[in-house]
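Chemist: Here is what each chain is made of, one letter per residue.
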Amino acid sequence: MATDRRRFLRNALTAMGAGFLAGCDQLSQTQWAPQVLASAETLSHAVQRVLAPHAALAREFTQADISPVFRANGSTDPQDPAYRAMAANGFRDYRLSVGGLVAHPLSFSLAQLRALPQRTQITRHDCVEGWSVIGKWQGVQLSRVLELVQPTDDARYVVFRCYDRMQDGGLDGGTPYYESIGFDDAYHPQTILAHTLNDRPLPTPNGAPLRVRIERQLGYKQAKYISGIELVDSLDDIGDGNGGYWEDQGYEWYAGI
Amino acid sequence: MQPADDTAPMQDSAESEGGIRPPPRIRDRVRVIYRHRLPVRVMHWINAICLLVLLGSGLQIFNAHPALYWGQKSTFDKPLLAMGAQRMPDGALRGVTQIGSHDFTTTGVFGASSMNGHPVARGFPAWLTIPGPQWLSMGRRWHFFFAWLFVINGICFAAYTLIGRHFRRDLLPTRTDWRGIGRSIIDHALLRHPQGEAAARYNVLQKLTYLIVIFGFGPLIVLMGLAMSPRMDSVLGWLVTLVGGRQSARTIHFILAWGFVAFFLIHIFEVLVSGLGNELRSIITGRYAIHENIPDRSSDDGH
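Those protein sequence lines, which keep their order, are chains A and B. Okay, so the first sequence: first residue is 1 according to the working numbering, each after it adds one. Okay, so the second sequence: first residue is 1001 according to the working numbering, each after it adds one.
Treat the hints with care, since some could be wrong.
Simulated crosslink set (SDA-like; lysine to any residue; CA at most 20 Å straight-line) [to be verified]:
1) B:K1078 x A:A64
2) B:K1078 x A:S67
3) B:K1078 x A:V232
4) B:K1078 x A:I66
5) B:K1078 x A:A72
Computed, partial: chain A to chain B, Cβ under 7 Å [stated by the list, open to error]:
6) L37
7) L43
8) A52
9) S67
10) G90
11) R124
12) G130
13) V133
14) I134
15) P176
16) Y251
Just so you know, the hints here were simulated from the structure itself, not pulled from any lab data. Virtual Cβ for every residue (Gly too), placed ideally from N, Cα, C.
Full structure from sequences and hints, please.
Modeler: Take a look at the structure:
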């Protein structure tokens, strides 16, 4: 009798647990449930903007804290022919084009970017997977570049176009990586276009010749192999409309947590 | 929980068990009290759902990089804990869990487990994660939505308890409670449960456990979650430093999650041994039955 009851209880609990998990799986496959769940992103973004205001800086570390190897994730060796040709030539022909909703579209060589005022920062890189590495970055603040091109009043977002293609089965070898940020992050003092990692030119796995550092967001926001920057008023026409490659795969646009 | 005092809407219905004549000396009286008020019951169940989803989705997120470290950065070659899979010469997958410098074979549970009948490399098995298959972005959606629900529910509970009388009357151990703590430990170990009037109140170990879990584990696991946020770290740097770094915060977050699991298991165990039906009814309807053995002075007191 007692064993029967125990077995019944155990089976009931197991069945409830399994039913609960199966229910969550089913909800994950619907259209509406993930959208409801995603409402938390808006709340997180709004609350974090208040609690951690624009001026607050990500912690900067010392030389001793730098990770022996700066782990690379995502693309590590772009195969795009134009990119390969530039890399073979030491990126002497590289030009960063900055356009879209700006008063003065410009393009910059690496030498020109290095000639602008520079910022060096030793910061922690947090991957969405959970790991962290610390590296020393040098580059030009994105705000300096934006001052030169002067975004129009309509501009709301900064979009990064990249050379690396994501392997999503396309016949042309995949979609070029793309990312975007709002002006809050674009004008943050630690948001830089970095060409140097740990006192050496950016290695290929880490995004040579130029990547963006957005120190208060997760790794997938830090677009590598940047080919161009575009200012836009809406993200609707960028990829599937969610603002970035991973965002179109279901990740949050606001990656502050 | 309200013990029998004049402010609580208490139902004191001494039932005479039909027309059966009671035994001569001792009468068993069943008194039904109103034990849990509606807000506490609602918040209890919201919390239970939150904890289940947060655990499943948290393990899903953990599986994206099934390793833990101490400090600010990941020391990939020296994890505190790591789960991985090895391909054996015969082609089979061997699950390996590394704790410090020790390796353990954990095939089937940690490192490598079955997914739809096929062995796959993954930290925690599919029957523990939300969603089941490896799907980090969906795990994050579940986690952050229910994290907010958990926080809002927790704030409501804290406000309700501290502003109302629940905290001082029911949760804070009294002087008598403290004196009886040794006795309470022995009673718990022997699975003896308070009867009669004493069952109407939380016992001292119960009070301390609830206080530690609600006002210790709860805020701490949220803070350790926030300490993993690169944005929040720009204002919570002191906290991150205090616990040893972002990776330490992640490790503490993980340990606290298992602290909640331990609490949950003991909680369910206590509910089972102290009377599943009665306990379950009290957290759903609020009504809780107390059995009292009262001495029957006159053989016929005309009840």
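Chemist: Each hint should be assessed against the structure and marked as holding or not.
Modeler: For each hint, the structure was consulted:
1. B:K1078 x A:A64: holds, 18 Å
2. B:K1078 x A:S67: holds, 13 Å
3. B:K1078 x A:V232: violated, 45 Å
4. B:K1078 x A:I66: holds, 16 Å
5. B:K1078 x A:A72: Status holds; Cα separation ~18 Å.
6. L37: holds, 4 Å
7. L43: holds, 6 Å
8. A52: Since the shortest Cβ distance to chain B is 5 Å, the answer is holds.
9. S67: With Cβ-Cβ at 5 Å, under 7 Å, it holds.
10. G90: Violated. Min distance 31 Å.
11. R124: holds, 6 Å
12. G130: Nearest chain B Cβ about 4 Å off; hint holds.
13. V133: holds, 6 Å
14. I134: holds, 5 Å
15. P176: Given a least distance of 20 Å, the restraint on P176 of chain A is violated.
16. Y251: holds, 5 Å
In this structure, the hints that do not hold are numbers 3, 10 and 15, in rising order.
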